[in-house]
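Student: Each chain, letter by letter, is given below.
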Amino acid sequence: MKLTGAQILIKMIKAEGVDTIFGYPGGAVIDIYDALAKQNDLKHILVRHEQGAVHAADAYARANKSVGVALVTSGPGATNTVTGIASAHSDSIPIVVFTGQVPTGLIGNDAFQEVDIVGITRPCTKHNYLVKDVNKLASIIKEAFHLARSGRPGPVLIDLPKDIVGTLVDFKEPKTISLKSYKPNYKPNKKQLNKVVELICQAKRPVIFAGGGVILSQASSDITRLAKMADIPVTGSLMGLGAFPGSDPLWLGMLGMHGTYRANMSIGHCDLLIAAGVRFDDRVTGNIEKFAPKAKIVQIDIDPTSIHKNIEVQCPIVGDCKAALEGIVQLLENKNLDDYKNDHKQWLDQIQEWKSTTPLKYEQDNVVIKPQFVIEKLYELTKGEAIITTEVGQNQMWAAQYYHFDKPNHFITSGGLGVMGFGLPAAIGAKAACPDKLVVDIAGDGSIQMNIQELMTAIESKIDVKIVILNNQYLGMVRQWQELFYEKVYSSTNMENAPDFVKLAEAYGAKGLRCTRPDEVESTLSEGLNSEGTVVMDFSVDREESVYPMVPAGGALTEMLLV
Amino acid sequence: METNKYLLSILVDDEPGVLSRIAGLFSGRGFNIDSLSVASTTEPDVSRITMVTKCEPHIIEQIKKQLHKLINVITVNDLTDKKYVQRELALIKINAQPDKKADILRIVDIFRCKIVDVGISHYTIEVSGDNEKHDAIISLLTPMGIIEIASTGSIALARENGKH
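Chains as they are written, first to last, in this note's numbering: chain H, 1 to 563; chain C, 1001 to 1164.
Hints were generated in silico from the structure; no laboratory data involved.
All figures in this text were calculated on a predicted structure; none of them were measured in a lab.
Hints are supplied without guarantee of correctness; some may be wrong.
The calculated SDA-like cross-link candidates involving lysine to any residue, where the alpha carbons are at most 25 Å apart (straight line), are [what the hints assert, rightly or not]:
no.: 1; chain 1: H; residue 1: K183; chain 2: C; residue 2: D1078
no.: 2; chain 1: H; residue 1: K195; chain 2: C; residue 2: K1100
no.: 3; chain 1: H; residue 1: K132; chain 2: C; residue 2: L1011
no.: 4; chain 1: H; residue 1: K142; chain 2: C; residue 2: D1013
no.: 5; chain 1: C; residue 1: K1100; chain 2: C; residue 2: V1118
no.: 6; chain 1: C; residue 1: K1069; chain 2: H; residue 2: E16
no.: 7; chain 1: H; residue 1: K132; chain 2: C; residue 2: E1015
no.: 8; chain 1: C; residue 1: K1065; chain 2: H; residue 2: E16
no.: 9; chain 1: H; residue 1: K183; chain 2: C; residue 2: P1044
no.: 10; chain 1: C; residue 1: K1069; chain 2: H; residue 2: N310
no.: 11; chain 1: H; residue 1: K142; chain 2: C; residue 2: E1015
no.: 12; chain 1: H; residue 1: K309; chain 2: C; residue 2: K1005
Reference excerpt, derived from the structure (chain C facing chain H, CB under 8 Å, subset only) [stated by the list, open to error]:
no.: 13; residue: G1017
no.: 14; residue: R1021
no.: 15; residue: G1024
no.: 16; residue: I1071
no.: 17; residue: V1073
no.: 18; residue: N1077
Glycine included, each C-beta is placed from N, C-alpha and C at the ideal position.
Based on the sequences and whatever the hints tell you, model everything.
Tutor: This is how it looks when you write it as C-alpha cells:
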C-alpha cells in the first residue's frame, strides 16, 4: 500500500488507540493538515497557542490513562511546546509531540522557521527523534508511543522534516520494536517484597506515602487494599492525590510544604515509611536531614534513578508499583494481622488527635469570600465527582487541600514544573478524553491570563469546561512569600489591573458569572456548573488570604507555620 | 566531601546526537567530565565512550543510573574497581636547545616514548601510557620548556575475557 508520510502518521496514531489530537498548523506541517482534512478517523482540536496543545495532550493522557498527542509546526510552533513538554517530563506523563521541521536539505541552514527542536528538548523529553528517512517513520512512531507509555512514562518528540511527510512510500506496518537496551524492570524482587512485609510486621508507626507513580501504574486499588488490611494511614504527594480515597479515615491529606498538620507530623514520627511512586521532591521533603528521621524507608519505583537520589532508603524496590503492591498484599494475606493492628492503634489515635487539634481551617465571615470556602462548596456541589484541573499557586494548593479526591485520574495539575496557564488547556484535554465528565479548572486571576486564549478552543470545539477563578488580584503565592519573608514588599505581584473576566468570557462566547459575596457562592457555582457550555465564574476572594500550614522552604516538615 | 576518580566504559548507539545527550546529562545535572574519548567498536552502529569523572561516591551511582536511563546507552561498565588496562596518548612539543637535547633523549628513552617530529630547536614526543606515566614525564619535561601538549582522554578495557 502506498501512503505519504502524513498518511502514515495518522494511521500510526490511530493504531495506538488515540482518537483525538491537539494542534496548530503551519508551513512545515501543511501536508499533515491536508491529510487530516481528508479523513474522519482522527479528530483534531485546533488550539490557539501551541503550549495549550501540549497541556491538553498531557491532561488527555491522564484522564484517559492513554497517550496524548500534540502536532505543531516548525520553529516557533516547536519552541512554544517546550513548557508543556517539560511539565509532562516532570510529571512522567506519556505524550508524543510531533513537530514540523524544514525540509531535510535545508536543516542546518538557518532556514525560515527552523530551530533545532531535538537539541532544545533533549533534556526535557524521555527521548526524541529527527526522522530522516520516511521508510523509518512508522517504526519510529511505534517506538515513540512504546517509550512514552512504558517504564516510567514521559514525553517523546518526533521532528518531521517537510519533505518526509510529503513523500509517498510503500507502507508496511511495523510489527516489533527493536530497542537494544531499553527494558524497564516491572517485576519487583521477591526477596525485597518479603523484607517489606517483615518491616511492616515490625512497625509500630507505619505510614504509606503514595505518589503519581501509583496513579500511573493504576495501583490505587492495591495501595488501598494494603492500607486497609493493615490499618496503615496514607498520605500523598500532590501528584498522588486520588491514589487513595480522600474521604477515607486512614487518609492523612497531602504531605509537604502545604501538607496537612497530621500528614507532616506523621512523617516526623513514623518508624516505617512505605513510599510508592514518589521521587522525594524538595516541596515534599522540606529539609532532607530532618525528613522521616525515625523511619526505615521503603521506596518502590520503576525508575532506578529515583532511588537514593534525594533520600537514602533502607529497602529499595525497583519495579512497577502495581506489581510490587500486589506482591506485598499477597504476602500479607498469609499473616494474621489482628495483633499487629492492635499494636498500632495508639499510632492511629495519635494521628486522630493531630487531626482534631490542628485541622485545615479558615474562617468564613459574611463579608468577604474565602477561597477555601469556594472549593469546599465546589466539592459539595460536584459530590467529589468532577475532574479538577488547576493552574499553579495558591489556587492549586487550596484545590489540593479542600477538594477530596476519592478516585485516581481526577486531579490534573502541573506538579513538578508548576506551570501557570496549565489548567484551562488541561481542562479542555481532560474533557475531550472524558466527554461525560464534569471538568472544572480551579484558577487564579494571574494564571488564567497565561493561556486565556484557549477559551476560544473550548467554544469552537464545543468542549464544555467550567472555570472557577479565585480572584484575589494578586499573584497570591508569591505575595504570600513576600508577606512572610520579604517584609510585605509586594514587588510586581499586584494584579489589580486585570480584565473584566465576565466580559472577557462573553467576548469569547462563554458564559461569565461574577460573585462577590459569601452568601452567593453556592448559587453562583450551582448556576455555572449547571449551565450548558463553557462558563467562567469569577469569585472575588479575600485578597490577602494565605495557604496554611506552610513549611518554609528548607525547613523541617514538623516545623509548620500554622496561621 | 571526598571525591574519587571513576572510569566508565559506555557502549552507545552510534547515532547523531548521542554524545550530546551524554554531555547534556552531565552539564544539566552538574556532574563533571574529566576526560572523554569516543570511537567505533567492532560492531557496526555501536560506539564506545570511555569517560573519567570525578565525584563523591554516592553521586557515581546516580551518574551510572542516569546514563543507563538514556535510550541510546546500551551498557555502562564501571571499571574503577576492576582490573583493566588504560592508556592515554599525548604529543608533547618541547624546546630542544643543544645543551638539553641529551637530557630529553634520556627521558624519552627511560619512558619508552618516541620522538615523532624534530626541528632545529624542538622535539615532539609521543607518549602512551596510563595517567601516572603522563604526569611523571610531564613533570620531568616541564623544566626543559614544554611548548604545547595535545592529549587524548583515557581509553580502557577490562582485563577479563569477554565483552563489556
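Student: Hint C/G1024 vs chain H: min CB-CB distance below 8 Å?
Tutor: 5 Å, holds
Student: Assess, step by step, whether the Cα of H/K132 is no farther than 25 Å from the Cα of C/L1011, and give holds or violated.
Tutor: With Cα atoms ~24 Å apart, H/K132 and C/L1011 stay inside 25 Å; holds.
Student: Within 25 Å, alpha carbon to alpha carbon, are H/K142 and C/E1015?
Tutor: 19 Å, holds
Student: Is it true that the CA of H/K132 sits at most 25 Å from the CA of C/E1015?
Tutor: 12 Å, holds
Student: For the hint on C/I1071, just tell me whether its beta-carbon gets within less than 8 Å of chain H.
Tutor: 4 Å, holds
Student: Please verify whether C/K1069 and H/N310 have alpha carbons no more than 25 Å apart.
Tutor: 17 Å, holds
Student: Check whether the Cα positions of H/K142 and C/D1013 lie no farther apart than 25 Å.
Tutor: Holds - the C-alpha atoms of C/D1013 and H/K142 are around 19 Å apart, at most 25 Å.
Student: Under the criterion of a CB-CB separation shorter than 8 Å, is C/N1077 in contact with chain H as hinted?
Tutor: Violated, about 13 Å.
Student: Are C/K1100 and C/V1118 close enough, with their CA atoms no more than 25 Å apart?
Tutor: 14 Å, holds
Student: Holds or violated: H/K183 and C/P1044, Cα atoms, limit 25 Å.
Tutor: 22 Å, holds
Student: Does H/E16 sit within 25 Å of C/K1069, going by the straight-line distance between their CA atoms?
Tutor: 24 Å, holds
Student: So if I understand the rule, the pair passes when the alpha-carbon distance is 25 Å or less; does H/K309 with C/K1005 pass?
Tutor: 20 Å, holds
Comparing the model with each earlier hint shows violations of hints 2, 8, 18; every other hint is respected.
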